[in-house]
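**Q** Residue numbers (this note's numbering), protein chains in the order written: chain D, 1 to 439; chain Y, 1001 to 1260.
Heads up, a few of these hints could be off.
20 Å max Cα-Cα, derived EDC-like pairs, lysine to aspartate or glutamate [to be verified]:
| # | chain 1 | residue 1 | chain 2 | residue 2 |
| --- | --- | --- | --- | --- |
| 1 | Y | K1190 | Y | D1214 |
| 2 | Y | K1059 | Y | D1025 |
| 3 | Y | K1246 | Y | D1232 |
| 4 | Y | K1193 | Y | E1035 |
| 5 | Y | K1193 | Y | D1025 |
| 6 | Y | K1145 | D | D412 |
| 7 | Y | K1059 | Y | D1096 |
| 8 | Y | K1059 | Y | E1010 |
| 9 | D | K336 | Y | D1013 |
| 10 | Y | K1190 | Y | E1035 |
| 11 | Y | K1059 | D | E321 |
| 12 | Y | K1145 | D | E278 |
| 13 | Y | K1125 | Y | E1142 |
| 14 | Y | K1059 | Y | E1035 |
| 15 | Y | K1141 | D | D412 |
| 16 | Y | K1141 | D | E29 |
| 17 | Y | K1145 | Y | D1096 |
| 18 | Y | K1125 | Y | E1109 |
| 19 | Y | K1059 | Y | E1070 |
| 20 | Y | K1145 | D | E269 |
| 21 | Y | K1141 | Y | D1187 |
Using C-beta positions, here's what the derived DEER-type ranges look like [claimed, not checked]:
| # | chain 1 | residue 1 | chain 2 | residue 2 | range |
| --- | --- | --- | --- | --- | --- |
| 22 | Y | T1112 | D | A211 | 34 to 40 Å |
| 23 | Y | T1006 | D | G215 | 52 to 58 Å |
| 24 | D | R86 | Y | K1235 | 42 to 48 Å |
Please keep in mind that the hints were generated in silico from the structure rather than gathered at the bench. None of the values given here were measured: they were computed from a predicted structure. Glycine included, C-beta positions come from ideal geometry on N, C-alpha and C.
Here's the letter readout for the chains.
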Amino acid sequence: MADQHAVQNIVHPSVHARNPLQRFLIATELDTRLLGMVGALAIIWIGFHVFSGGLFLTPRNLWNLSVQTASVAVMVTGMVLVIVTRNIDLSVGSILGLVAMVMGVMQTDILPTQLGLGLGHPLIWVLSLAAGLIVGTGIGALQGSIIAYLRVPAFIVTLGGYLVWRGAAWWVTMGRTVAPMDPTFQLMGGGPTGSVGAFWSWVVGIVACCAIVAGLYMGRRQRRRFNFPLRPVWAEAALAIIGCGLTIAAVWVANAYPWPVRIAEKYAEATGMAIPPEGLFISHGIAIPVLIAMGVGMVMTFIATRTRFGRYVFAMGGNPEAAELAGINTRWVTVKIFMLMGALCAIAAAISSARLNAATNAMGTLDELYVIAAAVIGGTSLAGGVGTIAGALLGALVMQSLQSGMVLMGLDSPLQSIVVGIVLVFAVWLDTLYRRNKH
Amino acid sequence: MLDARTPLVEMTDISISFGGIRAVDHASIDLFPGEVVGLLGHNGAGKSTLIKILSGAYKRDAGSIRINGEDATINNPRDAKGYGIETIYQQLAVADNVDAAANLFLGREITTPIGTLDDAAMEAKAREVMGRLNPNFRRFKEPVKALSGGQRQSVAIARAILFNARILIMDEPTAALGPQETAQVGDLIKQLKADGIGIFLISHDIHDVFDLADRVVVMKNGQVVGSARTSDVTKDEVLGMIILGKVPAGAVPGPGALQS
């Protein structure tokens, strides 16, 4: 029965395309909006490269950019789900601040002295991170329950949370900055030691390439099983080449950025390595926070597209009443979304505080706005029901590129805020135009 | 004759109020297997509200619901689906932003052995059901938003019959449709009836339901005016019930009947 009906339109729609570009886009089934964002990002990068006198497109700057993006990138994956269900979370920056404080106190005070593990114990970072995740998820559960079961609008609950958790962050140490962090914990923040080095970067890159090819193959097999139209083979090959090419280029860039000379020399002294006359070249490789963010991005994409939970999130965003009538427990789904958001704030808090090597009570200030802006620039619609994790991650990268590009150009910080604000409004206006033309 | 069998649905003395307004006032209604009951009345007569109590969207203040002669607990749409009650709502309850297959299986997705969504299997099944219902339907990959009224209605109906409903509630099922699509829905109702499914058809327009229904129940101001077999009354008599609350000789009067 299924076969009879499927056979009728087994031809892939790309054969009807008129010009080569259109045929390429339809055949590869690439999201044109996402491609537009990649194009915008390319223009921004090249523009900054020219106007900063060749400082932007260097391994050093791109590596730093990737590390700076990591914290917001982790949070934006959760914000997509929040916004898709027509909610908002204004408290993420404050949750980040409080959780960073809690983790800071855990690893500098509670675990080493009060519980007697001693400084530098290998379990300290695990326990601190676990404590942070528990606090973050708990805060999310509390806010989510108030939103879902007591029916207080998310805007108000998280606006309250914005104040409450920022205040709570201050109370943890009465405003005192906590530093330095545990050496193992610090690895989550990047830096020369917080990167995986050239060899492991290539391993990650090769694994990613294999995953891309395997994913394409599995998708094709699944389509054949149900007699769905297959992409032309050349389109599959093009996708594989583009995907693997980008991966390899990213690894190459990360490996092209060497450790600072002084640190490399110290390292050589400590390990008894001979320093060659032309100087020591030790690659950073991919930074650990970037790996964390990529892992989070993959897991969240999986959750959003391959699980029932993700399906419910989008259905609720499209038509909350229909979702309820279809028998979905919409309130519990809402609570779970905010719990997830809280957990992601905790991961972002670990990255931020490890990178700064301190927890301050101002940490994460204004992050909520950057996260929301990144999600919206990445194509998440505040009207609900629309958004992708990949788009939001790109949005985060665009936001961070703008900021660090302007720093490289030496723009004053008030002017930076003005530009970011204008870009946000402009991007959403473009998106509105795009969607209007599409339908 | 029919009364000797156990009714599929028996709603007795159902009442519900919204902020002091009695939307449904001691209404009783029943439905037998393979029977089509038209529930008629003006806008605001309480018919949609009464039926939403059966489908779990509202919780009743008083009264009892029996399914197959046994007391049923229906507190939410999930409970109702558990009793095989499927509803097609007036404002088509589909999620606009996801595709047809996702809508068909919303809340009851097919999953792979490791618990992830099996989109290919769901789409294949969706193609099968939609092929039976609306053979011209092709747009499986697009969000439901992009579909016409009739296509969206097909999706909503397909969802209801996909899971072996025993009791089907259709709230203004043809309100958004053209003549040809309306005829298709009519054929579908006859087909489902032949399968022994009990169907409630809700409408404010008598012409939509009179020819399809075996029996009509008329509501006015939250009360049941009366019920009649469509073979025993004329359209004009039913119209009199709807507008004036006047019960003709061939009908059984209810609590809302005009006292003369």
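**Q** So, for every hint listed, does it hold in this structure?
**A** Cross-check of the supplied hints:
The suggested pairing of K1190 of chain Y with D1214 of chain Y holds, with an alpha-carbon distance near 11 Å, which does not exceed 20 Å. In summary, the hint linking K1059 of chain Y to D1025 of chain Y is supported, as the alpha carbons are separated by about 14 Å, within the 20 Å threshold. The suggested pairing of K1246 of chain Y with D1232 of chain Y holds, with an alpha-carbon distance near 15 Å, which does not exceed 20 Å. For the hint pairing K1193 of chain Y with E1035 of chain Y, the CA-to-CA distance comes to about 6 Å; that is within 20 Å, so the pair holds.
Distance restraint check for K1193 of chain Y and D1025 of chain Y: the Cα-Cα separation of roughly 29 Å exceeds the 20 Å cut-off, and the hinted pair is therefore not satisfied. Pair hint K1145 of chain Y plus D412 of chain D does not hold up; C-alpha atoms about 46 Å apart against a cutoff of 20 Å. For the hint pairing K1059 of chain Y with D1096 of chain Y, the CA-to-CA distance comes to about 27 Å; that exceeds 20 Å, so the pair is violated. Between K1059 of chain Y and E1010 of chain Y, the direct Cα distance comes to roughly 16 Å. Compliance with the 20 Å bound is thereby established for this hinted pair.
With a C-alpha separation of about 39 Å, the suggested pairing of K336 of chain D with D1013 of chain Y is violated against the 20 Å cut-off. Taken as a hint, the K1190 of chain Y and E1035 of chain Y pair is honoured in the structure, with Cα atoms around 10 Å apart against an allowance of 20 Å. Between the alpha carbons of K1059 of chain Y and E321 of chain D the distance comes to roughly 16 Å, so the proposed pair stays at or under 20 Å and holds. Our distance criterion of 20 Å between C-alpha atoms is broken by K1145 of chain Y and E278 of chain D, whose separation comes to about 64 Å.
Pair hint K1125 of chain Y plus E1142 of chain Y holds up; C-alpha atoms about 16 Å apart against a cutoff of 20 Å. A hinted pair counts as satisfied when its Cα atoms are at most 20 Å apart, and K1059 of chain Y with E1035 of chain Y does not qualify at roughly 25 Å. A threshold of 20 Å between alpha carbons decides the hint, and for K1141 of chain Y with D412 of chain D the separation of about 48 Å lies outside it, so the pair is violated. A distance of roughly 12 Å separates the Cα atoms of K1141 of chain Y and E29 of chain D; the hinted pair therefore holds under the 20 Å criterion.
As the CA atoms of K1145 of chain Y and D1096 of chain Y are separated by approximately 5 Å, the hinted pair is consistent with the 20 Å bound. Straight-line distance between C-alpha atoms of K1125 of chain Y and E1109 of chain Y comes to about 11 Å, which keeps the hinted pair within the 20 Å bound. For the hint linking K1059 of chain Y to E1070 of chain Y, the alpha-carbon distance of about 18 Å falls within 20 Å, and the restraint holds. Distance check on the hinted pair: K1145 of chain Y and E269 of chain D sit about 66 Å apart at the alpha-carbon level, beyond 20 Å; violated.
For the given pair, K1141 of chain Y sits about 27 Å from D1187 of chain Y by alpha-carbon distance, which is inconsistent with the 20 Å threshold. Separated by about 18 Å at the C-beta atoms, T1112 of chain Y and A211 of chain D break the suggested range of 34 to 40 Å. A beta carbon spacing of about 54 Å between T1006 of chain Y and G215 of chain D agrees with the range 52 to 58 Å that was offered as a hint. Distance hint check for R86 of chain D and K1235 of chain Y: the Cβ-Cβ separation is about 45 Å, which falls inside the suggested range of 42 to 48 Å.
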